[in-house]
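Novice: Each chain, written out:
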Amino acid sequence: MPTSLKLLAGGVSALAIGFATIALGAAVTPMVFAQTLTQKNISLDQAIAVVQGAMEACKDSSISITVVDRDGEVRFAVRANGANPHNFELSRRKAYTARTFRMPSADWIKRTAPDQELYGQRQLREVIPLGGGMPIMAGEEAIGGVGISGAKGGQPAEEACSKAGIAKIQGQLS
Amino acid sequence: MSRMSQTLIGMTGAAALAAFSFAHAAPLMEKNISQEEAMMGYQAALAECRKTNSNDITVVVVDRAGQVALMARSNNAAPHNLDLARRKAYTARTFRVSSMTWRDRSAANTPAAGQRLLTDVIPLGGGFPVMVGEEAAGGVGVSGSRGGQPGDEACAKAGAEAIAADMR
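From first to last, the protein sequence lines stand for chains A and B. Residue 170 in my numbering is what sits at position 170 of the first sequence, and the numbering runs on without skipping anything. Residue 79 in my numbering is what sits at position 79 of the second sequence, and the numbering runs on without skipping anything.
Source of the hints: derived by calculation from the structure; they are not laboratory data. Yeah, the Cβ is synthetic: ideal placement off N, Cα and C, and Gly gets one too. Hints may be right or wrong, so weigh each one.
Now the in silico label distances, taken between C-beta atoms and shown as ranges [to be verified]: (1) A:GLU117 / B:PRO79: 31 to 41 Å; (2) B:PHE22 / A:ASP115: 46 to 56 Å; (3) A:GLY139 / B:ASN55: 20 to 30 Å; (4) A:ASN84 / B:GLU134: 23 to 33 Å; (5) A:ASP115 / B:GLY133: 56 to 66 Å; (6) A:GLY153 / B:PRO111: 53 to 63 Å; (7) A:GLY139 / B:ALA78: 21 to 31 Å; (8) B:GLU36 / A:GLY139: 34 to 44 Å; (9) B:GLU36 / A:GLU73: 22 to 32 Å; (10) B:GLU135 / A:ARG102: 41 to 51 Å; (11) A:GLY153 / B:GLU36: 13 to 23 Å; (12) A:GLY120 / B:ALA165: 45 to 55 Å; (13) A:ARG111 / B:ASN53: 45 to 55 Å.
Take these sequences, add in the hints, and give me the full structure.
Specialist: The following block contains the structure:
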């Protein structure tokens, strides 16, 4: 066999081994059975229902309120009448903090206090150690968060109104 | 400089200030969009879009200062939709015309083309100013309707006009 043909034959068998390895590899790794993720997320209509519920509960004040979705992105947000420049941002960051840590933002304050090992979490972007944010839980899953700023009763009132808002859709979450 | 001449200069300054009658200055009374009006505008934009079966739109309302007053991201929004809606609303507010009009007015090779270099503006239709008489009191931006830029603009216009009607 001429050298060039030998090289060609060698190349072909190498290729065949290569294909066989790939086929075998694919067969033994479970990627063949991979499925698309199907994740629950808060809908816009649910977000608006939460906002309306929170506004009813906090009707003695004009509140800034933000609902974030599963990814921590804003789904619905509205700024209060006469809001201070920082209020809108605070409402978003409270919602984000509650969503990402899956707990009321007031609880996260205690967990990340300066004398705690988790103090470093406060260095994350977008989080805020202030009460008024509540996670929106569908069972064990956090599918969103709500945050309020500007209520007359301060952080405890803001948290209560966030809870009242979520209560409006609690039955539709599972 | 003598103490006396310093005093004289001081008095002249005071007289000049008095001539401009700052003493009678009053605060500006600016009309701005209320929270209730922002919600009303959102609902009006949504209602208009539903007429053409566009049930999945992203809407932003900005106030007189161009700051976000309300934002609503649709269930199936693409990652860019919310920012587009905000920038359309801002563009309409700051130039006091629809963002489609501004898109055409600032086209390449026109003298205003440089305006496109501003931060936060966007040369795309779908933003409409909230006009109360000659005053631009805010803007509404829509992204993601089925009708493209003209469709987005029709919904934004409905929202802006609903707010303006309430403000008059």
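Novice: None of the hints should be skipped; say for each whether it holds.
Specialist: Results of checking the hints against the structure:
1. A:GLU117 / B:PRO79: 31 to 41 Å: holds, 35 Å
2. B:PHE22 / A:ASP115: 46 to 56 Å: holds, 53 Å
3. A:GLY139 / B:ASN55: 20 to 30 Å: Holds: the Cβ-Cβ distance is about 28 Å, inside 20 to 30 Å.
4. A:ASN84 / B:GLU134: 23 to 33 Å: Holds: the Cβ-Cβ distance is about 29 Å, inside 23 to 33 Å.
5. A:ASP115 / B:GLY133: 56 to 66 Å: holds, 59 Å
6. A:GLY153 / B:PRO111: 53 to 63 Å: The hint (53 to 63 Å, Cβ to Cβ) holds, given that GLY153 of chain A and PRO111 of chain B are roughly 55 Å apart.
7. A:GLY139 / B:ALA78: 21 to 31 Å: holds, 29 Å
8. B:GLU36 / A:GLY139: 34 to 44 Å: holds, 35 Å
9. B:GLU36 / A:GLU73: 22 to 32 Å: For GLU36 of chain B and GLU73 of chain A the Cβ distance comes to about 25 Å; the hint holds.
10. B:GLU135 / A:ARG102: 41 to 51 Å: The hint (41 to 51 Å, Cβ to Cβ) holds, given that GLU135 of chain B and ARG102 of chain A are roughly 45 Å apart.
11. A:GLY153 / B:GLU36: 13 to 23 Å: For GLY153 of chain A and GLU36 of chain B the Cβ distance comes to about 22 Å; the hint holds.
12. A:GLY120 / B:ALA165: 45 to 55 Å: holds, 52 Å
13. A:ARG111 / B:ASN53: 45 to 55 Å: Since the Cβ atoms of ARG111 of chain A and ASN53 of chain B sit about 47 Å apart, the hinted range of 45 to 55 Å holds.
Every hint from the earlier list agrees with this structure, and none is contradicted.
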